[in-house]
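J.: Quick note on full-length UniProt numbering: the sequence shown kicks off at 1 and runs consecutively.
These aren't lab readings, by the way, just hints derived from the structure by calculation. Certain hints may be false.
[To be verified] Derived DEER-like restraints, expressed as beta-carbon distance ranges:
no., residue 1, residue 2, range
1, Gly163, Leu13, 34 to 42 Å
2, Gly178, Leu13, 43 to 51 Å
3, Leu187, Pro52, 30 to 38 Å
4, Val24, Leu215, 35 to 43 Å
5, Asn66, Gln182, 36 to 44 Å
6, Ser212, Glu186, 38 to 46 Å
7, Ala118, Ala204, 27 to 35 Å
8, Ser104, Lys196, 32 to 40 Å
9, Glu31, Lys192, 46 to 54 Å
10, Asp58, Met11, 20 to 28 Å
The beta carbon of each residue, even a glycine, is placed where N, CA and C say it ideally should be.
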Amino acid sequence: MVEDMDVVLEMYLRTLKGAGYDVVGCPTSAEGIEAIAQHRDFDAALLDFSLPDGTALDIIPVLLDNRPLTKALVVTGQDDEEVPAQLMSAGAHGYIQKPVEDASLLAGIGATVRATQAWRVALGQKGGDDLPTSEDEEMLIFQTQSISFDIRHGLARLQFIAGLSPVQTITAWRLLWGDPDQRIAELLGCTKRTVKYHVSQVLARTGARSRSDLLRVLLEDAGVEDPWAKS
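Input sequences plus hints: build the corresponding full structure.
T.: What follows is the structure, encoded as structure tokens:
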């Protein structure tokens, strides 16, 4: 949670902890970004829109790049009608207007946490407790895991062989499923233009000639020859 006003921060902490949540509070954008990098597993990010050293729009891209399945809820006191559109375009899961009552805070966080957990289930990351706990363990799994149609293993393997970022890895997998840009944009919470950029990076990093050519990259890595491939 990132909130610069001490009184509000304490109020949010008291409400969320009282509801059973484990919460890390940060007063600045910089500390929030640092917390994202340090804490491996968390189910939601609660962000104040206006901060001393930036806005929630500065934090959301970092969250998506480091924890693409974790959703963000933004608290805003802005009357500007463009702010909600900016937040949704940046990838926020939702927003609530100040002043925030306990009921609306808990409802918003509950919905955000459920959205994150639903994504983890869909991508084979049901609990998170069985995930690697260190970079060395992650690298060992990436290097030794054979190709499987388990989506989590496929994502991990593709990420390793091509050096993809988390967002690029998910983009690549959705391309393998044949999703159009609009569908990927909805899943990632970004614009189609941003998706096109991610797609171009995926193709460049994997060496795939086209979206459909991504499957060849995976099969060749697994040692599977295409009997219909032209020599």
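J.: Going back to the hint list, which numbers does this structure go against?
T.: 5, 6, 9
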